[in-house]
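Peer 1: Listed below are the residues making up each chain.
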Amino acid sequence: MKLKTRICKRSSINTNTETSQERSPQSCSYPLSCVDWSSNEEIYFVSDDHQIYKWSDVSRDSVEVAKLPDDFIPTDMHWLLLGGRSSGGGKGSDTLLICSNDGRFIILNKSARVERSISAHTAAISSGRWSPDGAGLLTAAEDGVVKIWSRSGMLRSTVIQSDEAIRCARWAPSSTAIAFSQGGHISIKPLAANSKLIRWRAHDGLVLSLSWSTQSNIIASGGEDFRFKIWDAQGANLYSSAAEEYAITSVAFNPEKDYLLVGTFNMLKLCHSTGWSYSSARFTAPSVGSFYTLSWSTDGTQVACGTSTGQLIVGFAVEQQLISRNLKATSTGRKCIALQDIATGTRDVLEFPQRVINFALGYGHLVVATTHQLHIYNEKYVNTPIIIDGRNDVRVMEVGKKYFMVLDASSIWVYTYTGRLHLNPRYPGSQAQLPLLNWRSISLGLDVLAIRDNSETTLLHLFDLIPGASRQYEPHSLRAKQQLAEIAACRAGSADDQFVAFIDTNRELYISETRNLSGNSNAGGSADRLANGGDEIYKIGTQLTSIKWASETNILVGVHDSCYSIWYCPGEGAADPTIIALTTITLDTAEFGKHVAIDSFEDAVITFRCAGALLPINVNVYCEVLHRTLQEGQWQQALRICRQAQHTSLWATLAAVATRKHQLQLSEEAYSAALQIDKVSYLQHLKTLSPSSAEQMAENSLMLGRTLEAETILLHNRKFGEAVALALRMHNWKRALEIAQKHQSDQSDVDLLQRVLEERRHYLKALQRDEWDAMYLRHVVDDGNVSE
Amino acid sequence: MEELQKAGLYIDEIYRLRVQDPRIANQTIELRQECLEYSRNLQVFKKFGEDFYKISSNFAKDVESEKLRAIGTQNQLKTMAKQRQTEQQVYQSQILEQTVELERMKSEYQYLQRIESEQQEIINNFLMNQ
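Sequences listed follow chains A and B, in order.
231 is the number that our numbering gives to position 231 of the first sequence; each next residue is one higher, with no gaps.
Count along the second sequence from 1, then add 1000; that gives the number in our numbering.
Treat each hint with caution, since some may be false.
Stated by the list, open to error - Distance windows between CB atoms, simulated:
(1) B:N1058 <-> A:S56: 33 to 43 Å
(2) A:D496 <-> B:Y1109: 33 to 43 Å
(3) B:E1121 <-> A:H662: 51 to 61 Å
(4) A:E591 <-> B:E1087: 32 to 42 Å
(5) B:E1121 <-> A:S56: 31 to 41 Å
(6) A:R282 <-> B:N1075: 22 to 32 Å
(7) A:E591 <-> B:N1075: 52 to 62 Å
(8) A:K328 <-> B:E1121: 21 to 31 Å
(9) B:Y1109 <-> A:R479: 41 to 51 Å
Claimed, not checked - Among chain B residues calculated to face chain A with C-beta under 8 Å, some are:
(10) Q1088
(11) Q1089
(12) V1090
(13) E1097
(14) R1104
(15) E1108
(16) L1112
(17) Q1113
(18) I1115
(19) I1122
(20) N1129
Just so you know, the hints here were simulated from the structure itself, not pulled from any lab data.
No residue lacks a Cβ here, since even glycine has one placed at the ideal position from N, Cα and C.
The task is simple: from the sequences and hints, build the whole structure.
Peer 2: And the structure:
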């Protein structure tokens, strides 16, 4: 990937020639340190000549907007872009913040009229930034003070008071902490009361610039020691670059994609956010000087740079590549994508009328989002795309087998590849949270769309995508115990076997079915699900950094710190830890290098990305084929595959799926091949029961680890005695008593209550304890009364 | 003749009456002619002088510009080393970038080869078992 750049015309054409000739050499000599985007097309910039200019992408020209007072020397500028959404203190419009070197800052409205001018510090303000939630702003100055102000400019608090000058300050993406640099140190100050300041030595020279990524919550810093470094939010070093030729004057994370842009003298370096570099752009012919400021546009496609010689440079990334099976899409320009098909040997250049913002490739389709449109290309009919109008500024795209999902400025949309709108999911608070959603918190599966709630990050909304389901406003909700960091819905399988895997903030991996157990996917289920959600979410892994499902089968791959794991049967086997243990393979990633990420998982090939290199790895092909045959229900075929390959993980996979599908004979064989003696004997017991009776179904549910379902089956079939026995077997004393009391009258021949109490007495005797449970205590007393 | 001479009158060779001694008159005329000759020569000399001045000043201008150019070239020569150095740096970093890219490609190729051999093995296995 490369960065294409263009030096923009700074002086306006409207001014008459004489004055512009006089002024332009002058104004160009001022360093340009204040640059920011006011929309995806317009850049505002101001330098020491006090004149605010607006550069427009459409006209490729600058116009004067306003003039600052002569004694106001700007040092930093930041736009608050709300796009009409209300946040923090009521409905807001876009506002501009400009700081000066004499400790003042001004707030300007959209038409660049000064609304507030506040004297804030006793020395030059080095950074003035709006908080990401739009509720307030921070100013950090060379007098060592950081202050937080409300949006209208009222002082909220003085966060930091120190003697050392602050060179740069940035908000955390969650707006709950501030990072700032003093000398060679970086500090993080959480805003919560009584929280401790984290401070560490970051560079040998001055830290000149900071950037806090909204995508991955990491911090980049650039210093006078010619290096840039990447830190996590606790201050641990993740990456440290080799020494460049000059001091690193600016760093900036892309707000939407995993890029980091690094500016130094006469050079821009485009890096991945883990540190390895894609390419660098040099400016030798006309020297532009050091890059003082870098600012990405909100859609993350363009970057504006201000340099020490006063040049305004706009850059955008080209040669972004996506590869899926036989297709390769490469962006060759701002409005151009080349689609290459290796299978047919064709190469098509796709031109678009507008700027390409985002594109996604997969399942034989290329979906391209331009500024206002979506273009859907089928690999077979590349010349006739389907165009959808009205999707502006698409931020996240994901392609699935049947549908694709786009997240744009106004909502989330699920389309079919024919261009028909399939679903526009909504949940309480979805509109307000929209700008905070990113690819980590949203995942499209085969028949499900999973979205993590942003205000309550333990909550997962699952939208059913099967046609005909009443799904629009009634998502299932799934509540995890911990806050969720990343979610992934499975991309294949059948409609009945849909799973969602998620990593929580403790980096533990959980998996759950996306549909509720009784099979009815409508309203009543969701309440039940919340009530007993606990025993349906299974933990299957720890210390995960990222996960990905295979494109055609339900195989899951996850990356740990120094190894990766493949779960060959994460869904069906989730309930049984032994199955998970048998079907999980963990391999070392030492041969790849550090910081491994999963790039794709197509068919049976996992592609890892490590320091820029794509490293494809084959998973067990037999297991992949086994999954496919099982999906089609070809049991004999599956058996043959297992017999041929003779691998425990295959047998365990077959066993798990067969048990789930009530294939007793098959699962018995599979379990015996996988040496699961206990399961085999249990299955033999199962087979003695009359086929497809309530008892057998209940026992089968038990086998799958669904005690609740088993109990429900028994109760529905009026097998109260068995239900009580089941509860007793599970040592679920309270439930046993409840059932017994409730159905005492229905069952005349046996005294259920007596049986429960009898069992309880045995139990207490074995434990040699007196009764302690309040529910049973009552009965003990009753008994006492009766015996008296 | 003598009386005439006393009265200041002279007779020349062709017997014309003159008020001045014809020898002197002849000499005067000669002198005048020589003076005219002299002034003409002086004019020519002046022109030559002017031409010379023009040429020499032009030459001075040329010399001056040549001198500046020489100084420029000299300076360029001095900075050339540095320029080459920076150029070399640029190329070096480009080479580095390309090598990194090459390394990436190489490792990708290596892994792809591994996949190929694995798949070949599976195919062989399959054919054997049939």
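Peer 1: All the hints need checking, so say for each whether the structure fits it.
Peer 2: Do the hints match the structure? See the list:
no.: 1; hint: B:N1058 <-> A:S56: 33 to 43 Å; result: 54 Å, violated
no.: 2; hint: A:D496 <-> B:Y1109: 33 to 43 Å; result: 41 Å, holds
no.: 3; hint: B:E1121 <-> A:H662: 51 to 61 Å; result: 36 Å, violated
no.: 4; hint: A:E591 <-> B:E1087: 32 to 42 Å; result: 38 Å, holds
no.: 5; hint: B:E1121 <-> A:S56: 31 to 41 Å; result: 60 Å, violated
no.: 6; hint: A:R282 <-> B:N1075: 22 to 32 Å; result: 24 Å, holds
no.: 7; hint: A:E591 <-> B:N1075: 52 to 62 Å; result: 54 Å, holds
no.: 8; hint: A:K328 <-> B:E1121: 21 to 31 Å; result: 27 Å, holds
no.: 9; hint: B:Y1109 <-> A:R479: 41 to 51 Å; result: 47 Å, holds
no.: 10; hint: Q1088; result: 12 Å, violated
no.: 11; hint: Q1089; result: 6 Å, holds
no.: 12; hint: V1090; result: 6 Å, holds
no.: 13; hint: E1097; result: 6 Å, holds
no.: 14; hint: R1104; result: 4 Å, holds
no.: 15; hint: E1108; result: 5 Å, holds
no.: 16; hint: L1112; result: 6 Å, holds
no.: 17; hint: Q1113; result: 10 Å, violated
no.: 18; hint: I1115; result: 5 Å, holds
no.: 19; hint: I1122; result: 6 Å, holds
no.: 20; hint: N1129; result: 6 Å, holds
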